[in-house]
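Novice: The residues making up each chain are set out below.
There are 2 protein chains.
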Amino acid sequence: MLPVGKQMTEMLKGTLEGIVLATLAVKPAYGYDMTARLREQGFTDIAEGTVYALLVRIEKNGLVEVEKVPSEKGPPRKVYALNAQGRDYLAEFWKTWSFLSQRLETLHHGRNEA
Amino acid sequence: MLPVGKQMTEMLKGTLEGIVLATLAVKPAYGYDMTARLREQGFTDIAEGTVYALLVRIEKNGLVEVEKVPSEKGPPRKVYALNAQGRDYLAEFWKTWSFLSQRLETLHHGRNEA
DNA sequence: TACCACTACATAGTAACACCAGCTAGTGGG
DNA sequence: CCCACTAGCTGGTGTTACTATGTAGTGGTA
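Line by line, the protein sequences are chains Y and P. All residue numbers for the first sequence refer to the numbering used here, where the first residue is 1 and numbers rise by one. All residue numbers for the second sequence refer to the numbering used here, where the first residue is 1 and numbers rise by one.
By construction, these hints were calculated from the structure, which means they are not laboratory data. Any given hint could turn out to be false.
Just so you know, same-sequence chains aren't split out, so a pair can sit in one copy or run between any two.
Pairs of lysine-lysine, BS3-like flavour, derived with a Cα cap of 25 Å [to be verified]:
(1) LYS73 x LYS27
(2) LYS60 x LYS6
(3) LYS60 x LYS13
(4) LYS68 x LYS78
Work out the full structure, taking the sequences as your base and the hints as a guide.
Specialist: So this is what it looks like as structure tokens:
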């Protein structure tokens, strides 16, 4: 796995969680599947370990329901599905991100007035 | 209405540095002034200590030139100005942010193809 | 059988960053 | 004399993504 840039690594802090929750909002997923879906979205360098750790974290924070589903190829899958609390948290995430995004867009184009 | 909290704190990791560099690109600043300019931009809850630590860091990384200027009220000011390396770094930052921003925008509006 | 590739999950250790809480120090006003 | 404002600095903490590695099930193949 090619190392991801330092800037991207730091910028993903706080946003990767939202990305994963938003991806789960589209359709439930298990860890291995989530990694694949992130890669499809262009996040080609997200490490598997990072995804598993993040899923454990959001489960611990009560944002998802987990169901164990047997697999035809390999160990049983832990399928994560967003629950009501997760959807609320995701909504908060979008609010936070929208604020930040607007401020940065303003800075980027030199329009410093609101 | 100020979106503060844990989400914002985490999301600022990696982006706050770019925000400060972009602000310096507009006009050089010293720490106390930078804090004020960030508040004007809507980042009302950025701690002073955070700003000073960040300025020390970007100086250490050679992204800025520093000039000590006497003040009429209070201790001398350390004025930070973006140098060539800082401008290159800022350009990289905008590239990274644009990538992330586009991915998130896509997720936000449910356009998950392409 | 022995080996390998792919699927699937897990974790210990590390680096980076923003925050909190507190500090020193200069200037001018009540 | 004390306080408010300006101005800069630091140690310790919590959170997060990354690296590197380990465990385990299934199917193919030599």
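Novice: Give a verdict on every hint.
Specialist: Outcome of the hint check:
no.: 1; hint: LYS73 x LYS27; result: within (21 Å within a copy, 59 Å between copies)
no.: 2; hint: LYS60 x LYS6; result: between (28 Å within a copy, 16 Å between copies)
no.: 3; hint: LYS60 x LYS13; result: both (18 Å within a copy, 23 Å between copies)
no.: 4; hint: LYS68 x LYS78; result: within (5 Å within a copy, 58 Å between copies)
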